[in-house]
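The whole structure should be built from the sequences, with the hints applied where relevant.
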Amino acid sequence: MIRFDQKFLARAIENWEGMIADEIVGFLQPKCQQIITEERLRHLLDQRKLRVKFGIDPTATDVHLGHVVPILVLNIFARTGNHVDLIIGDFTARVGDPTERDTGRVPLSPEKIAENKTTYVSQIGKYLSVEKVSIHHNTTWLNPMSLSDVFGIFQSLNLAEALQREDFRERGRKGQGVSLAEVCYGVLMGIDSLHLQTDVEVGGIDQLLNFQQCRTIMRNAGLEEEVILMTPIIEGTSGDGRKMSKSYNNYIAVNSSQADKFGKIMSIPDRLIFQYFLSFADVHQRELDELRIFVEANPFEAKKQLATVVASLETKNPDDGLRERDTFERLFSQQVIHDDDYVQLNVEPGATALVALYASGKFQSKAALRRLFEQNAVRSVTDSVLIKQDDQVPEGGWRVRVGRRMFFKIDHSIL
Amino acid sequence: MITSSIYTVPIVPLQRLGFSVWARGAPKPYLATYPQAAKSLIGENAITEVKVVGLVDDIWPLILYSRTDEEQSQISQEYLTNLPQLQFDEVYLVSTFVDVSEYWEYLQYSLKFSTSQFLKLLPKSKGTIDDLRSSEIIGFLWHLHVIRVAMEKFGLNGFLAGIRSEYFYLAARQALPPFSVFFLSTT
Chain Y
4 MIRFDQKFLA RAIENWEGMI ADEIVGFLQP KCQQIITEER LRHLLDQRKL RVKFGIDPTA
64 TDVHLGHVVP ILVLNIFART GNHVDLIIGD FTARVGDPTE RDTGRVPLSP EKIAENKTTY
124 VSQIGKYLSV EKVSIHHNTT WLNPMSLSDV FGIFQSLNLA EALQREDFRE RGRKGQGVSL
184 AEVCYGVLMG IDSLHLQTDV EVGGIDQLLN FQQCRTIMRN AGLEEEVILM TPIIEGTSGD
244 GRKMSKSYNN YIAVNSSQAD KFGKIMSIPD RLIFQYFLSF ADVHQRELDE LRIFVEANPF
304 EAKKQLATVV ASLETKNPDD GLRERDTFER LFSQQVIHDD DYVQLNVEPG ATALVALYAS
364 GKFQSKAALR RLFEQNAVRS VTDSVLIKQD DQVPEGGWRV RVGRRMFFKI DHSIL
Chain C
232 MITSSIYTVP IVPLQRLGFS VWARGAPKPY LATYPQAAKS LIGENAITEV KVVGLVDDIW
292 PLILYSRTDE EQSQISQEYL TNLPQLQFDE VYLVSTFVDV SEYWEYLQYS LKFSTSQFLK
352 LLPKSKGTID DLRSSEIIGF LWHLHVIRVA MEKFGLNGFL AGIRSEYFYL AARQALPPFS
412 VFFLSTT
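Those protein sequences? They're chains Y and C, same order as listed. In this text, residue positions in the first sequence follow my numbering: the first is 4, and each later residue adds one. In this text, residue positions in the second sequence follow my numbering: the first is 232, and each later residue adds one.
No wet-lab data here; the hints were simulated from the structure. It cannot be assumed that every hint is accurate.
[Claimed, not checked] Anything over 12 angstroms on all C-beta distances counts as not near chain C; from chain Y, calculated:
1) E26
2) S182
3) L183
4) C187
5) Q200
6) N320
7) H415
[What the hints assert, rightly or not] Quick list of in silico lysine to any residue cross-link-like pairs, SDA-like style, CA-CA up to 20 angstroms:
8) C:K355 / Y:K177
9) Y:K52 / Y:E164
10) Y:K177 / C:Q303
11) Y:K319 / Y:K52
Positions of the beta carbon are idealized from the N, C-alpha and C atoms, including for glycine.
In structure tokens, the structure reads:
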């Protein structure tokens, strides 16, 4: 059996300083949906160390693996000795976030932006050595700009081009409005690139037209247009075609446990395995065919290897993922449950199953826990008998399984 | 003469009406029609007094036509001299009451307007959208900001405007605190 997981995890701690341009592009390309242009990127990497820009939205605080995909692209640049500029969009956040997802969002205070930034950076810092990157706040250069400076940049852009972008038209066709703020947003991003003299910008494919506006602004200012690398919008774990999002409850939180990450990867449909490998592992272009064949021929094994990679992504220690794999195989393949798989709960005599389990703090809400009861997901481990929410914890205690992955040992408190 | 008006209620006896004008060239005599028309409001709807406040934008033409400060200052001075003679009660240069460096404040208005609304605001005289630059957006947001600041600084409760500016003021009413507006046809 090919162990892609071990190969990719070993790669995560290799020293990549001095890697040649072709090799770097070979690792970047599988992670990107589009590069404009690959030739130019290769040429620049051949010439010098590059300044790579990534914009952070300080309104986002809960980072999930979908957000991590471009961060892993940045990590390749950082590991190969290029310079990464992280831009905290505090200027934009102060004006009010204009993305289509939150047109009504209230502008954030500087204190809230600072707090969000700290939370965000600590989460992405698990995947990118933030001490090796420069963190900028775009108020630093956007604030001091005069009306005349701003006018000059907007004057260099054709209005029809700015207002009638294809994504705006598409939203118009769907009956969704496009605010003027969204038009301004792309221009502000372009000013960031001008200020930093950006060589390469990384982001999601949904940013394509904003990036193109950045390129136009740079060209109008007499600079070389930045190269843009766009990662795909990662599909959620449920595999219903919707993007990974907290709103759709189909995400893997960066702050979740390794066991949770492993388990959630094991729940994805087989057709997502290959794409997730490309997004979360350091796969080289030349390995694509071999990996695809392996995934198609051995989806269950491939999924376990992918889950091993994802569970170890943060620590870069293969043992973490392998330990989760062992646990998974023991619990689900061999049906062997160890004592340390159980969360111990002590409750007052007479407590119901609902009260006892909710006290564990493992459930988002009582309503969420009730749904699990309704879905017959709560059973006794010993005899597999269904447990109802109002059943009282018996005198001798219970060993309870909730869903596939949670185990509780519930006993009466000793008075 | 006033061709149409939109009142905020309740109508207050003292109307302090702003009139915004770009100092792009020497002030024209027809500007006198604005204070004249405004004074005709006295006696209507329990209005007992009307003050007309000239808001002379000396910033936007300076930028738009790439003028020197001196060139702009000469033109602006003519407004300060002539508008009182045309029966404006007070006259202020925008540069004296709007902080140009706080431009992020006017970018906030961009959240309140859709691109399709904005396209309707563009005067036909400016040609088709293909002929225009994106700075039209900044001009629109800046102008909104100017009247907003003027309302606060000078206690304005309404504006006088040419009928061609109707769309702009209707849009402004959507984004700014309530104000009355009186439209004139000067042709």
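Exercise. Please write out, lowest number first, the hints stated earlier that are contradicted by the structure.
Key: Violated: hints 2, 3, 4, 8, 9, 10 and 11.
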